[in-house]
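*Asks:* Protein chains in written order, with my numbering: chain Z, 1 to 366; chain P, 1 to 366; chain S, 1 to 366; chain Y, 1 to 366; chain B, 1 to 366.
No false leads were slipped in.
Each pair may be met inside one copy or between any two copies, as identical chains are not told apart.
With a straight-line Cα cutoff of 20 Å, these simulated SDA-like cross-link-like pairs (lysine to any residue) come out:
no., residue 1, residue 2
1, K103, L261
2, K103, V269
3, K79, D263
4, K103, R262
Bear in mind the hints are in silico, worked out from the structure with no lab data behind them.
Bear in mind the structure is a predicted one, so any value in this text is a computation, not a measurement.
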Amino acid sequence: MKHAQNRRPFRRRPPIGSAPGTLAPPDDSTPTSVRLVGYSADAIEQTTIVDSDALAAFRARWPVVWVDVCGFRSMHIIKALGERLGVHPLLLEDAVHLHQRPKVEPDGERLFLIVRTAPGSAPRIDEGATSIATDQVAVYLQPGCLLTIREHQSALFDPVHTRLQVDGAFIRRHGADYLAYAVTDTVVDGFFPVIDDLTDQVHVLEDDVLDPRTHSSGVSIHRARQLVSSLRRTIWPYRETLFALQRDRHGAITEETRVFLRDTLDHSVQLLEAVDHLRDTMTGLMEVHLSLESQRMNEVMKVLTIISTLFMPLGFLAGVYGMNFTNMPELHTTWGYPALLAVMATIAIGMLLWFWRRGWIRASDP
Amino acid sequence: MKHAQNRRPFRRRPPIGSAPGTLAPPDDSTPTSVRLVGYSADAIEQTTIVDSDALAAFRARWPVVWVDVCGFRSMHIIKALGERLGVHPLLLEDAVHLHQRPKVEPDGERLFLIVRTAPGSAPRIDEGATSIATDQVAVYLQPGCLLTIREHQSALFDPVHTRLQVDGAFIRRHGADYLAYAVTDTVVDGFFPVIDDLTDQVHVLEDDVLDPRTHSSGVSIHRARQLVSSLRRTIWPYRETLFALQRDRHGAITEETRVFLRDTLDHSVQLLEAVDHLRDTMTGLMEVHLSLESQRMNEVMKVLTIISTLFMPLGFLAGVYGMNFTNMPELHTTWGYPALLAVMATIAIGMLLWFWRRGWIRASDP
Amino acid sequence: MKHAQNRRPFRRRPPIGSAPGTLAPPDDSTPTSVRLVGYSADAIEQTTIVDSDALAAFRARWPVVWVDVCGFRSMHIIKALGERLGVHPLLLEDAVHLHQRPKVEPDGERLFLIVRTAPGSAPRIDEGATSIATDQVAVYLQPGCLLTIREHQSALFDPVHTRLQVDGAFIRRHGADYLAYAVTDTVVDGFFPVIDDLTDQVHVLEDDVLDPRTHSSGVSIHRARQLVSSLRRTIWPYRETLFALQRDRHGAITEETRVFLRDTLDHSVQLLEAVDHLRDTMTGLMEVHLSLESQRMNEVMKVLTIISTLFMPLGFLAGVYGMNFTNMPELHTTWGYPALLAVMATIAIGMLLWFWRRGWIRASDP
Amino acid sequence: MKHAQNRRPFRRRPPIGSAPGTLAPPDDSTPTSVRLVGYSADAIEQTTIVDSDALAAFRARWPVVWVDVCGFRSMHIIKALGERLGVHPLLLEDAVHLHQRPKVEPDGERLFLIVRTAPGSAPRIDEGATSIATDQVAVYLQPGCLLTIREHQSALFDPVHTRLQVDGAFIRRHGADYLAYAVTDTVVDGFFPVIDDLTDQVHVLEDDVLDPRTHSSGVSIHRARQLVSSLRRTIWPYRETLFALQRDRHGAITEETRVFLRDTLDHSVQLLEAVDHLRDTMTGLMEVHLSLESQRMNEVMKVLTIISTLFMPLGFLAGVYGMNFTNMPELHTTWGYPALLAVMATIAIGMLLWFWRRGWIRASDP
Amino acid sequence: MKHAQNRRPFRRRPPIGSAPGTLAPPDDSTPTSVRLVGYSADAIEQTTIVDSDALAAFRARWPVVWVDVCGFRSMHIIKALGERLGVHPLLLEDAVHLHQRPKVEPDGERLFLIVRTAPGSAPRIDEGATSIATDQVAVYLQPGCLLTIREHQSALFDPVHTRLQVDGAFIRRHGADYLAYAVTDTVVDGFFPVIDDLTDQVHVLEDDVLDPRTHSSGVSIHRARQLVSSLRRTIWPYRETLFALQRDRHGAITEETRVFLRDTLDHSVQLLEAVDHLRDTMTGLMEVHLSLESQRMNEVMKVLTIISTLFMPLGFLAGVYGMNFTNMPELHTTWGYPALLAVMATIAIGMLLWFWRRGWIRASDP
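Chain Z extracted, bound-state conformation:
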C-alpha cells in the first residue's frame, strides 16, 4: 500500500477549504539558498544571501538582477523575497506547491512562468519505470529582475551562469527578459537527451518484442507506454505555454527576445513530435506483440494437431489388433503383421502430404 501511496498525484496540498495563499513547506524540503547575480554588459557581481534585506541595494547597483532560489526549508525567506518583489501571494503559493503543470500567467507588467525540468537521465524501461520525475521551476520576470524558485539544488542553470561570466557576451548585453529566455530554453532543451535515451530504450524493447526467440511480455510494453505517457503529459503544456507567450506579445518581453522564444517554441514542438512518435510505436508494438503471441499459439497448435492426427489413427489400428477376439482371422496369417505396418506407413505418409499441402509443414521446419 505504501508503494501505491507514493504514486498519488496530489499528495502535498494544503487542507481543503483553507485560505488560499498559505505557504506550507513540505516536510522533507532541502535548505534554502539564495544566489544573487547582478550584471551589466561590462561587469558582474555574485553573492549568496540569507535574508531579503540585501536585495534592494543590489537591485539599485545593477541594471539586471537574477535572484536564484533553491530549497524550500526556510519558507519565510521566500515569502520575504516575494513580498519585496511584489509577487502576488497566489503566484508565490503556486511556486512552492509542487506538481503544478507548466503555464504562463501575465501579472500586469510582469510575467509568471511555471516550467518543469527534465531529470538528468531517462528512467530505465527494463527496471519497470512507469513515470518520469521532473522538478518544478517557477520563473518570475519583471523589468530588471528575474526570480527563479526551484525545490532542489541542481546543476541545471550552471551553463547560464557560465555564459554570464563572459564580459560583453550576448546575454550580458540584454535585459532580464533575455535571461528568462535563456533559463526557459535551458529547461526545454534538457528534454532532448532524455528523449534520445528513451528512444534508444524503446528500440531495444522493440527489437526484443519482435525477436521470435525471446518471450517478451506485454507487461513491459504497458510499463513503457505509461512512461512515455508520463513524459508526454510533462512536455505537452510547453507548446501551449510558449505559444501563448508568442501570441500575446506581453510587454515584459521585447521583440528581439521574442524571436529567440520562437526558437524555443519550435524545440517544444519537436519534442512533442518525438514523444508522439514513441507513443505510436508503443501502441503498434502492443498490437504486433498480440499478433506474435497468436502466431506462436498457432505454431504450437499445429504441432499438437500434426502429432495427434498422425498417431491417433495408427494407435487405433494397433488397438484393434490388440483385441482378444477369438475369431480374428487376420491375426493368424503370415502377412498380417507386415501388411498392417505397410498400411500404417501409407496412412502416415498420406497425412504428412496433406499437412504439407496445407502449408503446415515446411521444408525448413523441423
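Assemble chains P, S, Y and B onto chain Z, guided by the hints.
*Replies:* Below, chains P, S, Y and B without anything else, positioned relative to chain Z:
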C-alpha cells in the same frame, strides 16, 4: 430490474410537456433548513430561519449575506426565498432538479452556478462500484448576497464557515463574489482526495492484473473504467464552466476575485489531467490483461502439446507390440523388450531436445 | 433482400436532377388534417379546416395562431398553406421530404426548424432492434403564427394543447415564439424516457454479458451498439441547432423566450451525454466480452491439458505392460502389478501437485 | 505487380519540375466534343462546335451560355476555349489533370469548382471492389457563361438539359449561377443511389457475418471497409467546398441561388452522415466477427475437451486391464468385467454431469 | 546498441545551454559549393564561387540572383554569405542544423522556409525499412535574391536550372518569389513518385497478408506502418506551412505567385490524403491479419477436434476388447469381431455426419 432502474440517469423529472418552472419536491427529500450568515470585516451574525420574512431585515443590516439552504422538503420556503432574491423561475427549477451538470448562467448582473460536490470518499473498485455519487449545489450570486441550495445536509461548507468566524479575515474583507469563489473552490478541491484514493485503488488493481500468480478478470477492469468515466463526466464540465467565468469577465465578479478563480480553474485542469491519466491506465490495463490471458493460454497449450507429442508416439509403439499377431518375430527375441525401451527413451530425449531448441522448455521451468 | 432495402437511408427522394421545390407525396401517406388554434391571454378558438381559405380570417381575429398539420396525403393543402404563409418552396420541400436531420434555417424575419421526435418507447435490444424510428416535425415560425407539419397523427403535442386551454396561462400570455419553444421543448424532452428505458436495457445486457454462467454473444452487443449509434445520430444535431438558435439572436425569438430555449439546449446536452455514456458502455462491453471469451477458453484448455497430462503417461505405462514380448520379467513377479499401480498413483499425485502449484487447480474448483 | 500499379493514386502527372500550366492529354482520352447551349426565359439554342470561334457570336446572342466540354483528346480546343473565356492556365491545368479533389477557387469575379461524380452504380462488395471510380467535372462560372469540362461522355447532365428545354422554366429565368447550382446539385445527388445500394450490400454482408452457419472471413469486411473509406474520401471535401461557397458570399452567386446551394450543402452533410454510419458499421462488424471467431473456437475446444475428458480415463482403465501381468486377480473373477463396465459408465455419467453443471453441455445442443 | 543509437531523433545538436546562433559543422559534412545564378528575361549568368566577395557585384548586375549552397564543410563561407544577405543568426543556425521540420518564418520583408526533400526512391518495406530519409533545404527569400542551403549535393534542382536556361521563359520573366515557388514546388512534387512506389509496395504486402496460402507475419505490417508514419510526419507540416504562406499574404510574395503557391498547397493536401489512406490501410491490415490468424487457428483446432472425436471412442472400444478378463463372453462369439467393426463404422459415420451438420466439414474440404 429494480437494480437497473436505480441507474437511470433521468429519473426525477417533471412530466414531459408540463410548463417550465414547476417545483416538484422529490419524495424522499430531507427537511429544509435555512442558515443566514451576515458579516462585515468586523462583525458577523448567524441565524437559522424557517420562513423568508427575516431575510430583508438581515440584508439591510449586513453588507454581505449568505443564505445557505439544505434539504428540499419545504419547497415553498425555497420558492419564497427565490422570489425575494429575484431568482428566475427556470434557474430555481434547475437548482432543485437534481442531475444537472455543472454550468454557469449569467442573469443580468447576477450569476447562477451549478456545481457538483465530491463524495466523502472514493467508491470501492473491489466492491464493484461503477459510478460516483455526487451532490448538487446551486450557487446564486448577486451584489451583497450569496444563495446556496443543496439537497443534503453535509459538512461540506464547514471550513468556509470556520474561516468566516475570524474577525478581519481575508474572506470577511471582501464581497459576496469572494464568498462565491470560496464555496466553489471548496467544492472543486473536494475532488482531490477522491482522485488520490482512486489512484491508489487503480494501482492496487494494476498490480493485481500484472501479477502472473493471480487470476484477475477483465470484469473488474471494466467496472473500474466505468467508475473513472463517471468521475470524468462529473469533472469535465468544471473546466468549461470556470473558463467561461474567466473569459466573460462578468460584472458580478471583481478583478481581484477573478485572479483567485483562475487558481480554481488551474485546479480543475489538474483534476481532469489526473482523471485522463487514470482512464489511459485503464485502457492500457485491459490490453495488457488480454495479452496476459493469451500468454497464459500459450503456456497451457505448450504443456499439452509437449505431453501429447511425447507420449503419443511412445503409446503407439507400445500399442504395436500389444497386437496379437501370431507372426511377430520381434516379440519372441530376448533383446526385443529392452531394445524397444531404449528406442522409446531415444525418441523421448529427441523430442525434449527439439522442444528445448524451440524455446518451449527452459531450464528454470519447474 | 427486401429486408435490406427497408434499411436504405434515402429511399423517398424525388428523381435526381429534377427541379427543386417539387412536392411528391409518399405512397403510403396518412390523410391530411389541419388544426387551427388561435389564442390571446383571455380567449382561445380551435377548429379543423380542409382548405387554406379560412386561415386569413382566423389570423385576423387572433394575435397568435398555430397551424398544426398532420399527414401528407393531400399535398395541395400543404402547398396552399405554405403559399399563404409565404414559406420558401425549398423549405416546404424539406418539410415534406422525410429523413431530414434537425436543423434551423433563418428566412428573413422568420425561422424554419426541422426536429425529429422520439418514438413512444425504446426499441427492444433483445428483439434485435438496430435503429430507432423517429418522426419528422417541421416548425415554421413567423410573427403571430406558428406552422407545424408532421407526417403522422400522434398525441405528441397534446400536452401543449392542454396547457393552451388554461385562461391566462403563461403560454397564452406570450407570442408565437414561446409556442415554438413549447413545441421544441416537448419534442426534445420526449427523448428522456427513451434513454431511461434504453439505459435499463443496456444494464440488463451488461449484467448478462458479465454473468459467467450465461453465454451471451457479441452479436447482441453489436446490435445494441448500432441502436445507440442510431439514437446518437438523431440527438447529435439538436445541440448544434439549439446552440445556433441561442447564438444568432434571431429577431423572431424574444430575449425572454431565449432564456427558456437555453434550458432546452441544456436538456439536449444532457441527452447527448447520456447517449455518449451508453456508447462508451457498449464499447467497453465488447472488450470485456472478448476478455471473458478468452478467459473461458483458458478454462476449457486447462481442463483438457490437466486430463491429457494426467492420463497420457499413465496410459503409456499401461500400454507398455500390455505388450506381448516373451521376455518381460516384471510381468511375472507377484509384486509387479501392485507396484505399477503405486507408481501410477505417485505420478498422478505429482502431476496434480504441479498443476496446483501453477494455480491451474484451486480448492474451490469443480 | 501490374495489378498494384493500377492502384497508384498519382499516375498521370506531368514530370516533376516541369513548368506549371502544361496541358498534357492522357494517352487513352476520348474524343473532345463541345456542346453550346444558349438560352433566355423564352428561347433556347443548342449546337455542337469543333473550334472556339463560334463561341463569341453565341455569347453575344444569348444572356446565358453553357459550354459543355467532354473528352480530352483535342487538348487544343480546350485550351482555345479556356483562353477565350479567360480561364487562368493553372485552373485549366487542374481541369484536365484528373485525380483532383473537389474544391472551389474564387478567381476575381469568377468561380472555379472541381467536383467528382458518382459512378452509375455502387461497386460490388462481393466481387472484392475496394475503391470507387469517380469522374472529374470542372465547373467554371462567370457572368452569363458556364463552362463544364468532363473527361468522359456520359448521361450525367441530361436531366439538366431536359429541364432547360421547357420554356419559362425556373432554370431558364435565372442566370448562369443558377445553372452552376443545377449542375452541382445533380452531381451531389448522384451519390444518393450509390450509398443506398452500398447500404443494401453492407447489410447483406452484415447478415452474412452474423449468421452462425456461414463462415465469412475478415477479408471481405476489410475490402468493404476500404470501399467505404474510398467513398468517404470522395464525399468528404464536398461539405467543405459547399460550405466555403455559402460562407464566402462570392459575388458570382446571387442571394437567391445561395439559398438553393444551402440545400445542396445539406445533402452533402446527409451523404457524409450516411457514409460515416457505414464506416461505423464496418468497424463494429470486424469486432463482432473476431468475437464470433473466438466463440466458435470456444465451441470447438469444448467438444474436444469433453471427448478427451470422457474417453481418456476410460481408455486408461481399459489399458490397465489389458496388461499382461500374471498376478492380476481381478481379471479372473466372474464379476470383474461387468463391474469394470459399471465403473466406466459411472465415470462417464459423472463427467457429463460435471460438464452440464459448468454449462458446457446444454439440452438443446446437438 | 549501436544500431539503436542511429535512430535517435536529435543526435546532432549543440550542447544544451550553449548560446544560440552557434554554427557547428557536422563531422561528416560534404565540401561546400556555392553556385550563383543571375538572370533577367533576356540573359543569364552562372558561376561557382568560393568566398562571398563576388556576391555583391553579381547582385548589382542582375535583377534576380539565386545563391545555391550545397555541403556544410566550410561553415565560414555559409556564415559570410548569411551575413552579407542579412540572415538572422538564429535562422542561419536552423538552416545548418538538420532535423528541422518544414516551417515558414517571416523576417521583416523577407521569408525563411525550411523544406525537406523526398528521397530518390521509396524505402523497401520487404527489407524492413521503418523510416524515410529526407534531406533538409533552407530557402531564404528576399527582394531580388534567393538563397538555398542544402546539406548534400543532389540533382534535385536540376529541372529548375534547366527551365532557367530558356530565354524569355515564364520563370525568367518573374522575380525571386517565383523562383522560390519553383523550388518549393519541385520539392513537394518530389514526394509523388515516393508515395506511388510505397502504394505499390503496400498493395503487394496487402495481397501477401490476405493470401491464405502465405504465412505473413504482423511484424512486416508493423514495420510498414512505421514507415508510413515516418512519411506522414514529413509531409504533415507542409500543409500548415504552405497554408500559412497563403493566408498571411506576406509582402515578399506577389499576388501572381500566390496563385501558383495555392497549387502547391493543393498538392500537399493530396499527398497527405494519399498517406492517410496508406495509414488506414495498414491499420485495417493489422486487424484483418489478426482475424486471419484466428481463423487459421480455428481451422487447425477443427482438424484436431475431428480427429480426436473420431478416434477416441473407437480407440476406447478397441481397448475394452483388448482387456484380459477371463469372463468376457463377447470375445468368444463368432460374430463378435465383425459386429464390433460395424459398430465402430456406425460411430465414425455418425460423428462425421454431426461434424458436417455443424459446418466443420465441407464437401470442398481437403
